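A.B. asks: The residues making up each chain are set out below.
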Amino acid sequence: MARMGFLLEKEFKQFIRNALLPKLVIMFPILVMLIMPWVATMEVKNVAVTVVDNDRTQLSHRLVDKIAASGYFDMQPLVAGYRAGEQDISTGRADIVIEIPQGMERNIESGQNVALQISANAVDGMKGGIGSNYLVSIINDFVAELGADRGDETAPAGALSVLYLYNPTLNYRFFMIPALMIILVITIGGFLPALNIVSEKEIGTIEQINVSPVRKWEFILAKLIPYWIMGVVIFSLALLLAYWIYGLAPAGSLLTIYAAAVLFTIVMSGVGLIVSNYSSTMQQSMFIMFFFAVLFILMCGLFTPVASMPAWAQVIASLLPPRYFIEILRSVYLKGSGIAELYEQFLFLAGFAVLFSVGAVLSYQKRG
Amino acid sequence: MDSVIKVEELTKRFGNFTAVDHISFSVQRGEIFGFLGANGAGKTTAMRMLCGLSRPTSGRGMVAGYDIETQYEDIKNNIGYMSQRFSLYEDLKVWENIRLFGGIYGVDEKEIKHRTDELLAELHFEKERNAYVKSLPLGWKQKLAFSVAIFHRPSIVFLDEPTGGVDPATRRQFWEMIYAAAEQGITIFVTTHYMDEAEYCNRVSIMVDGRIDALDTPRRLKSEFGATTMDEVFRALARHAGRKE
Amino acid sequence: MDVFAAFVRKEFLHIFRDKRTMLILLVMPVVMIVIFGFALSNEINNINLAVVSSQRNETVRQLVERFDANHYFTIVGEYATAEPVEHLLRAGKADMAIVFGTDFDRQPSVQLIVDASNPNIASNEVFYTSSVIRKAMAETRPATQEEAVVTTHLRMLYNPQMRSSYNFVPGIMGLIFILISALMTSISIVREKEQGTMEVLLASPVRPIYIILSKMVPYLVISCFNLLTILLLAYLLLDVPVTGGIAGLCILSLVYIILSLALGLFISTVVNTQAVAMLGSVMTLMLPVMLLSGMIFPIESMPKVLQYISDVIPAKWYIMAARKMMIEGQTLAQVYVEASILTGMTVVLMALSLKNFKNRLG
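Chains as they are written, first to last, in my numbering: chain Y, 1 to 368; chain R, 1001 to 1245; chain S, 2001 to 2362.
Since the hints were derived computationally from the structure, they do not count as laboratory data. One should not assume that every hint holds.
Across the chosen pairs, the derived CB separations fall in these ranges [claimed, not checked]: (1) S/Tyr2235 to Y/Pro77: 26 to 32 Å; (2) S/Thr2102 to Y/Ala251: 28 to 34 Å; (3) S/Pro2205 to R/Arg1235: 57 to 63 Å; (4) Y/Phe303 to S/Ile2246: 27 to 33 Å; (5) S/Leu2254 to R/Pro1168: 56 to 62 Å; (6) S/Lys2358 to Y/Val358: 26 to 32 Å; (7) Y/Leu8 to R/Glu1111: 17 to 23 Å; (8) Y/Leu347 to R/Leu1138: 50 to 56 Å; (9) Y/Ala84 to S/Ile2309: 47 to 53 Å; (10) R/Gln1084 to S/Lys2358: 34 to 40 Å.
Straight-line C-alpha distance at most 20 Å; calculated SDA-like pairs for lysine to any residue [claimed, not checked]: (11) R/Lys1141 to R/Ala1180; (12) Y/Lys45 to S/Glu2192; (13) Y/Lys201 to S/Glu2192; (14) R/Lys1006 to R/Asn1016; (15) R/Lys1006 to R/Leu1215; (16) Y/Lys45 to S/Pro2298.
Quick caveat, the model's predicted, so the values are computed rather than measured. Heads up, the beta-carbon is just placed ideally off N, CA and C, and yes, glycines get one too.
For reference, chain Y alone in the conformation it holds in the complex:
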């Protein structure tokens, strides 16, 4: 154990004296938390709508007013004819075009069927999809209102209400901030250890360690512990910034959050050191780590839900540790879930922590 103390002392001194690392560990979380929530948003807003009103009646005006009054859409000037509407989409002026057919008012009054045409630019699938869904809902409400006007009692106007739990303002940022905290731990907590051992290999100092009686686990643990501390510091910084800047405080217990964060930090530093152990140059370890980072960031439900993935991808996702941390963090932050509800995720995370730490020790070869 005395040996560990000397090794730890060395790791901390090397870290503090590095020209870049201490600054990086402080500045990077600040930058990420300041900028990313504004960037990493898939919030659908400012959906630009161009109306092609072929009817030009009181009723059609009422519909247009209702669409505008929702406050959801960015209304573009009316154009004449569907062609002109589509032109708006191709030039990017509009995301959605809605065409009101000629004779809508007359047809509705005489009880004939009416078909409205909605065309959305689906290159940005999210915007096109949610925007047009919303538009359809407005039209449905509009139709229901018409029914109510005529005294149709069975019309379900106002009968459907929605209660949005956990994120009542539908603030996309609240959904993304926990994910950003995870990206921070993945990038810093993964890349720095990945560069560590391999840099000792490139410089040659690892020889002097390998030829000494240091035990594998002592050396690796001395490498890991600083990253554990660093991971928790980074995470705490992000947590505070989330609160100060965006007013987002966890609905659940901080203890639960920290338990998960510590486990995940252990996982990431283990992954980093394993990559470092298997690499012979920093360039190599960087690329392997980058590969994992891409997998971790994209496949674990940070941006798109795991449940929406095809079955094979869900299997891969369930083998990736960040997936469980994301579930825990979002649930605790937004829903206030506790360990009782998340024990499965905790078990997985703890399992990965043990697995990767042992892996880090075993993959370190003192003798080639």
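We have chain Y already, so just place chains R and S on it with the hints.
C.D. replies: Using the frame of chain Y, we list chains R and S on its own:
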């Protein structure tokens, strides 16, 4: 005779390439043993196997009473090692490097302090105690590395090209340190390709193409080859070498 | 020129000897295409629904059956009170609860309680569920003779199947080329600086400019190979149309690759250690490309300041132009704005980094 290193038929292959080809020799306690050969002859590979840094492909070896195949971690408690590439931590200070390696070898805190003062005084390094290692000139770094390698009083110290790239005066000082260590009873196992240094050794072996072609005291080797310097002995042997540098 | 060829050969050898990095360089685009093309989606495959109804009557029963039969919904439980629902939602066992009013027959009212942690998913879930309810209600209502039926037709332009891959392919290209050309070039030059071999090269009779070019050629070749892989995969696997002309797209990509190489050279002239080159590249290249280029997140929903910042990120212009050419069928001539901005950036960066290189090393 008390041999601290004993090697039989030691071999290391990398794929089809046989870096070390069935070498056998032994080194006596307190000896300064010169391990000579051209670049690429297999010196470093052989030495790395003795230090437990590389697994032998075949053959047996005992270092400090431990088997290199199975007890290589026990060997490490009893040896010091100074590699060809300078391998102290450049971003740590002089005293921090000493402290770190002292600690790694299980020297206790108080003893480390005491020995550090002693060592710095001997080297006339008192002023550099707080200097970063990267700021030292190469010759100083090498002296420091050697002192660190024997700091824990090992029974054998392995030196791989310890004087590469420094001027003759510094090399001489370095050899004085080696003699001083040998007088304390530390066995010295040193590789070099400076043939004048070979003259300083008690016995030398000369490796050519992974094999040991000659092994004896410098004086006897010279008379055997009818040469006046070790350089001539070496050239006579190296003439048959198949490997290019 | 022979010496130049020898230098290029040396660089290729460096790259080919490192099998793992090589593998990642070649496989990464494929993996990314597969992940983006097949794994990532915001589609809702299944909504876990908890049903709350205090009194079971015929209408409610029929409605619940309807949800049960719909393969988008899985009913996770039926409860008399809303009490257990909260727990189900919090544990993630249910996505939504549908609460029927107490006197449903006479006064049909329905409340949807939805887990809104992901607002987009929540809106879509609410939309699906309410359309099912609306449709059911309309059918149960006694049809009045003169009632008009108002329908809406939805058309998804350019991307009728709502495949997100359409969006991502240009983004992947923007990222991969930066990664290989800029990151790899900068690291390989800085590595030689760090190990001192750069001085040996510079001491040779070869002009410094050729040394630099010899470092760039292999990565240019690899990038072009990746361009082909991506285009082939996109075309064969994802059916991305590439309607704007393949030749134009290749020219545009080549400009962007050269721009990335210039960027890598520029980094290598200001940085001295590999670690700084790598971390610096990740911070100043990778993240901005992933975040500010519109690859994943739409630029127009960002605050104005960030939109201005995104203007100086080359990847933004490349991705914009590539998107127009691959998906919307515009030709190189039609994306002249983006193309000329990219060309301008390339010229400026190249000049800047060559000047820098001469001052520092040459």
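A.B. asks: Each of the hints needs a verdict: does it hold here or not?
C.D. replies: Hints, one by one, checked against the model:
Range check, tyrosine 2235 of chain S to proline 77 of chain Y: about 38 Å between beta-carbon atoms, so the 26 to 32 Å window is missed. In this structure the supplied range 28 to 34 Å holds for threonine 2102 of chain S paired with alanine 251 of chain Y, their Cβ-Cβ distance being about 30 Å. Under the hint 57 to 63 Å, the C-beta atoms of proline 2205 of chain S and arginine 1235 of chain R, about 33 Å apart, miss the expected range. Taking the beta carbon of each, phenylalanine 303 of chain Y and isoleucine 2246 of chain S are about 30 Å apart, inside 27 to 33 Å as hinted.
For leucine 2254 of chain S and proline 1168 of chain R, the Cβ-Cβ distance of about 57 Å falls inside the hinted range of 56 to 62 Å, so the restraint holds. Between lysine 2358 of chain S and valine 358 of chain Y, the C-beta spacing of about 52 Å breaks the proposed range 26 to 32 Å. Taking 17 to 23 Å as the suggested C-beta distance range, the pair leucine 8 of chain Y and glutamate 1111 of chain R conforms, at roughly 20 Å. Against the hinted window of 50 to 56 Å, the Cβ-Cβ separation of leucine 347 of chain Y and leucine 1138 of chain R comes to about 55 Å, which satisfies the hint.
Range check, alanine 84 of chain Y to isoleucine 2309 of chain S: about 34 Å between beta-carbon atoms, so the 47 to 53 Å window is missed. One distance hint, 34 to 40 Å for the beta-carbon pair glutamine 1084 of chain R and lysine 2358 of chain S, holds here, with the actual separation near 36 Å. As the CA atoms of lysine 1141 of chain R and alanine 1180 of chain R are separated by approximately 18 Å, the hinted pair is consistent with the 20 Å bound. Simply put, lysine 45 of chain Y and glutamate 2192 of chain S have alpha-carbon atoms about 49 Å apart, too far for the 20 Å limit, and the pair is violated.
For the proposed pair lysine 201 of chain Y and glutamate 2192 of chain S, the alpha carbon gap of about 17 Å is at most 20 Å, so the pair holds. Taken as a hint, the lysine 1006 of chain R and asparagine 1016 of chain R pair is broken in the structure, with Cα atoms around 26 Å apart against an allowance of 20 Å. For the proposed pair lysine 1006 of chain R and leucine 1215 of chain R, the alpha carbon gap of about 14 Å is at most 20 Å, so the pair holds. Pair hint lysine 45 of chain Y plus proline 2298 of chain S holds up; C-alpha atoms about 11 Å apart against a cutoff of 20 Å.
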